[in-house]
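Chains A and B supply the protein sequences, listed in that same order. The first sequence begins at 1 in full-length UniProt numbering and counts up by one. The second sequence begins at 1 in full-length UniProt numbering and counts up by one.
Simulated from the structure, these hints should not be mistaken for laboratory data. Honestly, I wouldn't trust all of these hints.
[Claimed, not checked] Listed next, the stretches of chain B that the computed footprint assigns to chain A, with coverage defined by at least 3 CB atoms under 8 Å from CB atoms of chain A:
id : region
1  : 189 to 201
2  : 493 to 507
[Stated by the list, open to error] Subject to a maximum C-alpha distance of 30 Å in a straight line, what follows is the list of computed BS3-like cross-link-like pairs (lysine-lysine):
id : chain 1 : residue 1 : chain 2 : residue 2
3  : B       : K544      : A       : K620
4  : A       : K18       : B       : K338
5  : B       : K82       : A       : K20
6  : B       : K333      : A       : K737
7  : B       : K544      : A       : K477
8  : B       : K201      : A       : K737
9  : B       : K544      : A       : K737
10 : A       : K14       : B       : K338
11 : B       : K431      : A       : K14
12 : A       : K266      : A       : K125
13 : B       : K123      : A       : K577
14 : B       : K431      : A       : K18
15 : B       : K97       : A       : K577
16 : B       : K258      : B       : K472
17 : B       : K338      : A       : K23
18 : A       : K23       : B       : K431
19 : A       : K100      : B       : K201
20 : B       : K201      : A       : K620
21 : B       : K472      : A       : K20
22 : B       : K6        : A       : K533
23 : A       : K474      : B       : K544
24 : A       : K20       : B       : K332
25 : A       : K620      : B       : K338
26 : B       : K544      : A       : K23
27 : A       : K23       : B       : K333
28 : A       : K477      : B       : K338
29 : B       : K97       : A       : K18
30 : B       : K245      : B       : K123
31 : B       : K431      : A       : K20
The beta carbon of each residue, even a glycine, is placed where N, CA and C say it ideally should be.
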Amino acid sequence: MAEEFSLSLAGSRKRLVKDKLAKYGVTTGAVLVLTALLLIFFYLLYVVQPIFEKAEIEKLVDVKLSQQANSLALGMEEQNEIAYRMSDNGLIEFIAIKGKQQGQVIKQHQLSGQVTSFAQTVPAKGMMAFGFADGSLEVVMPNFLVSYPNDIRQITPELRFPLGEERLEIDPQGQPLSHIAFELSDESAGIAAITKDGRALFMSLTGEEDMMTEEVVWEGEVTSLPDAPAKVDQLILLPNLRNLYVRSGNRLSIYDISDIDDVQLKGIKDISANQANVTRVELLTGASSLLVANDNGVISQWFEVASNGTRELTHIREFKAEGSVVDIAPEFFRKGFLTIDSNGYLDIFHTTGETQLLSEKISANALQSVAISPRANALLIETNGTLSVYRLENEHPEVTWSALWQEVWYEGYAEPDYVWQSTSASDDFEPKLSLVPISFGTIKAAMYAMLFAVPIALAGAIYTAYFMSSGVRKFVKPTVEIMEALPTVILGFLAGLWLAPLIEENMPGIVLLIVTLPLSMLLAAFVWHNLPKSVRQATPEGWHSLILIPIVIAVGYGAIAVSPTFEVWLFDGDARKYMTNELGINFDQRNSLVVGIAMGFAVIPTIFSIAEDAVFSVPKHLTNGSLALGATNWQTLVRVVILTASPGIFSAVMMGLGRAVGETMIVLMATGNTPVMDWSVFQGMRTLAANIAVEMPESEVGSSHYRVLFLAAFVLFVFTFCFNTVAEFVRQRLREKYSSL
Amino acid sequence: MRNWFKSGAPWIWLTGGAVSVSLVAVVGLLALIAWRGLSFFWPSTVYEFDLEELNGHRHTVIGELYDSELVPADRIIDSGVKLPEGHGEMIERFLLKTGNREYVDLDFRWIMETQIKGEQAPKDIAVFERSTNGNFYGYVVGLQQGEQAVNVSDMRGELIARMERAIELNGKADDLQHGPIGKINYRLERMRLEERGLELKGQLDAAAQQKFVDEREQLQQDYLVLEKELFAFREQASRDSVIVKDMDGREVNLPMAKILDVYFPNDMGFFAKFSHWVHQLVKFVVSEPREANTEGGVFPAIFGTVFMVMLMAVIVTPLGVVAAIYLHEYAKKGPITKMIRIAVINLAGVPSIVYGVFGLGFFVYMLGGSLDQLFYPEALPSPTFGSPGVIWSALTLAILTLPVVIVSTEEGLSRIPSSVRQGSLALGATKAETLWRIIIPMASPAIMTGLILAVARAAGEVAPLMLVGVVKMAPTLPLDGNFPYFHLERKFMHLGFHIYDVGFQSPNVEAARPLVYATAFLLVTVIVGLNMAAIGIRNHLREKFRSLDQ
C-alpha cells in the first residue's frame, strides 16, 4: 500500500519539489519578517548601548624628550599629529607624534630671559603667558596651519604672539613675576601678577585695531590688589574678566575686577577638602566651576550659587583619585576633566554625570604632566622625560544613570534639580539630560487621559455588551471602531485649535458640565421611571443611551451657553484672571485638561472594544443562573458579570494606558511642550514621545543627545511592550477559561 | 426613590449615558470637521459696516463675517478697550476678515456691536482671490490695459474675460517652467553628478569632458529659447490691471496677472453660490498650496499621501501575508509560536514614534547612508538616500502596519473551516497547491481587510513621518516626467503633517484655520471611508463562512 502511494507521487516529483520550495520559501520569508520586527528592539539597544560605556585608553607611542627641563604645559592640535611642550627654560618645542617624523622636534622657539612664572588661558583659547625675571610678560599661542598639497593633509605649526612680539612690562619696578594669570576676550585682556617682593598687580588691557595696518594695538593700565595675601600659590582669572581668585594655601581670596578703578576683595573662602591641603585649582570648561585638587586625592567642584540675592562660591560635589593630585586637565568643550596623581594613576571624571569614567595605573612613578586633545580623543602624559601619547575613547561621559534619573546640581542652579534642556547656542553649554521631567510629563498626560477615558469607556462597554439591544449595538460598535481609526493628528489639531480656546473661554461652563451631566442623566432616569407604563413599554429595552442623547446635547449646549453669565456672576467676568489672581493657579491655554480630554477620546475606543468583548463573552448561563436566583440586572452585572470579566477589563485598561503613554501628535499639539514638573491640571507638560518628535530631527547623529533620545524611544518601547504583553496574556488566559466554562 | 436606587436602575442609566456621551462626541466631532471644512468654500456674504469710534470718528469696514462671540463687558474693558456709556453686561463682538493684507495691518479684526452704526451688503462688492497677499475686497472702478483706461459697458464681463486671458497665459508660462525648463535643470544636475562620478573613478578624460561641455552648451541654448518664450508669456499676462476702490476709499491698481479668481458674492443666487462652492472645492483638491501653505490647494499633500501609502501597501502585503501563512499553516503549534503571535500583536501597540526613531536610525542613516556610499558617491557629501525620503517613510510605515496585516490575515485563515483543507489534501493536492488554489483565494477578503486597515492607519499616521521623510513644502513630487520617473529618495508632503504644520507652525493661524479644517475633512473622509470598507468586507466575509461552516 505504502509502495503504491509513493509510486503515484513519483510521477509528480515536480509538484513535490514545488511543495517543498513553497514550504521553505514561506518559512524563510516569515522568519525574515519576524526577525525584522525583533530587529527594532535590538537596533534601539545597539544605538543606546554606547552611552553607558566607560572610557578606554590605549597607548599609541612613547616619545623621548630631548632635554630635561621641566614642562610647564603640554598640548596638541586637533588632528592629534603634532604636540607641543613649553618648558621652564623658555623653550617651546613642536614634536611630531604621528607620521614619518614621529618623535622628532619639527620646530622650536627659544624665549630669551629667565622664565619665572607661567599661565594658560582656558584651553579653547589656547594661549600661554610667560612671566620673566625682569617683570615683563610674553603671550604666545601655538597655531597650526592646515594645507593640502597633492591632496594630502599637511599640518605646519607656528607660534603666534597675540599681544605682539614685544614684551609687555607688568611691573614698573622690574621685579621678577613669581605668579601670573592671563585671559583674553575679544578686545580686552587681563593679567594678574605677583611680584617677587609680594606685590599683587592687575593689568587691564584694551586692544584697538589700527585702521591702516590692521594690527591690534594694546593699551594697558596697572592697579594693585588691596589686601593681597602674603604668600600666594596660584592666580586664577575668569575669562569674562570679572573675577580673580588668589589662592594662598587652602584659602581663596575672591576679587571683583570688573572695574579696574575699583578692584574689591569680595571674600575669602577655605576650599580645602576635609583634613587635606589644596594642591591645584583649575577652571572647568565654561569657567563657571572651579576644580580644587587636594593632596588626599579628593577633587571638589565649586561654583557660584545665587542665594538671597548674592552669589556665593559653594561646594557642589567631590571626586576621588588614588593619590595626591599632580595635574588637572579640563576638557576643551565638555564638562569633563582628567587628573594624574603621585601614585601613577590617571583618572577621568565628568562633573554633570558625577562619574569616574576611568582609573588606571599607567606608571609605577609619579606622573608629571597631562594634556588632552581638543577633540578629547587623545592624551599626552609626561613621566621622567618621556612623552606618552594615548588614544582616548570617551564618547558619552555626560550620560550616566544618575544624570538621567536623579537630581543633578547643574552649574548656575540654586539647588539640585531635574532638568531637561538638551541644546543651546554656546559651545561650553552643560547639557541637562534628565529624563525625569519628560517621563513625569508622560505619566501625567496618560493619567489625565485615563481619568477621563476609563469611566466612560468601561461604563459604555458594560452597557453596550450587557444591556444594549442588539439592533442598537450593531450600529454603536462600528461607530466606536471608526472613532479608533480617527487620525490622532486630527484629534490633536481640534484639541489645540478648537477645544483649548473653548475651554479657556468657557471655564465655568466646563466645570458646570462635568457636574451637571451625570446629575441630569439621573434626573432623566428618574423622570423616565415615573412616566406612565404605557410610554415606557412602547420603547424597546436597551434604548437608554439613545434616549439620553438629546439630553447630553442639551446639557452640553446649555452649559456653554450659560458660561459667560456664570462667569460675570461668580468670577467678575474673567475666570482665567480670577484663577491667576485670586487662587494663584497658573493657567496655560494648552493644558493637561485639554490633553486629558483629547487623548482620553483617542483611548476610549481601545478600552471600549476590548472591555466590551470581555463582558460580552461572559457565558450566558452564568448570568441566566444569577437572574433565575432572583438577582436584579444590576446585581447580576456587579456580582457576576464584571467579576468574571475583570481580567479582560484589566487588560483593556492596560492596552489603553499603553496607547496613552505613546501618543505623540495629540500631546505635541495640545500642550505647550514645556518640561515642567507640576501635577496642576491647568499646566502643560512634555512627554517622551513629543520630546522625540520635537528634538530628533535636529539632533546630531551619534551624539549623546541622539542616543538619549533613542533611550527615550527604547523606554517607551519596553514600557508599552510589557504592558501589552501582560494585557494580551491575561486576555488569552481568560479566553481559555471561558471556553472551558 | 430608595427602592429605585436599590434596584440599580439609575446606574444602568449612567452606563447608558457613557455610551451616549461617546456617540455624541464621535458624531459631533465628525460633524464639526465636516461643517467647518466644507463651509469654508461657500461664498459668504461680504458686509460693509459703518463704524463709529468713541471719539466720533466714522469709517467703513468691508469684510466677511468670520466668527462672533458674546463676551462679558468687563473682560473687554480689562483688555484696555474703552466702551461707550450704557453698554450691557455682555457685548457681542464679530471677527471680520477684511483682506487687503498689504494695505491694513491685520487682515482680521474684531469689531464690537457698540461700534456698529450701519450694516449693508452691497451687490457690487467684488472679492478678488490673488496669488499673493490673500483676498482683496472692494468695488471695481475701472479696467486698464497698460496705461490706458478701458471703457466698456459690461465691466464685469470684460473683467472676467481679461482675467481668464491672464490666467491662461500664466498657466502656459507655468507649464513651460515646470515642463521643459524643469527638465533642462534636472539634466544639468544629472550631468554635474555624472561628471563628478567619472572624476571619482578617474575616467574623466578630455573626450568625456568635451562631451559634457558640448551638451551643456546645447542645453544652455535650449534654455535661452525657452526663457524668451517664458518672459513673453509673463509679459503678455501682465498687460491688464483692474482698479478697485477699497474700504478706505483708496483706488488700488491690482495687476491682472496676480488675480486668480473674482466673484461678487452678494450678487449670487443659491445655484450660483453652489456652483462656486463646487468649483472652489475642486480647486482645493487639485491645486498647489500658496503663501506658505496658508492658501490654495493641497494637491501635493494628497499626492504624497497616496503615493507613500501605495508604496507601503506594495511592501507590506506580501510580507504580512507570508508571515501569517507561516504562523498559521506551517509553524508547529506550541509555546514558541504562541509567544511569537503575542509579540506580533503587541507590536501593534508600540507607539508609532518608536517606529519613527527606528526608521530614522536604521533605514535613513544606516541603510540610506550605506547606499549613498556604494551607489551615489558622486553626490556626497549631500545625501541621496541618506536623508529622509518617501521610500523610508513607506518602509517605516510598512513595519508599523505589518502586525495589522498579519493579525487580520491569520484571522481570515483561521476562519476557513479545516474541512476545506482536508478535502483538498484528500483529493491529492499538495500543501502548497491547497494553499495557493484554495486557502489564499478564500482568505483574500481577510487579506484585503487587513490591507485596508493598514492603509487607513498609515494614511493617518504623522509622528513617525516627521522623522523619516515628510516636509512642509516639497518642491517636486516623487513622481515626474524625468527619468527614472519614480524618485523614491525625495521628500514628500502629507495631509496629516499638512494639518499639523499649517495649524501650528504657520505665521497666520487665523487665516489658515479654515484650510486646516478642510484638509482634516479630506483626511477623515478618506480614512473613515477606508475603515467602513474594511468593516463591510469583514462582515460580508463572516456571513460567507458562517454558511460554509454549516
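(request) Go through the numbered hints given earlier and state which of them the structure violates, listing their numbers in rising order. (result) 1, 5, 8, 10, 13, 20, 21 and 29
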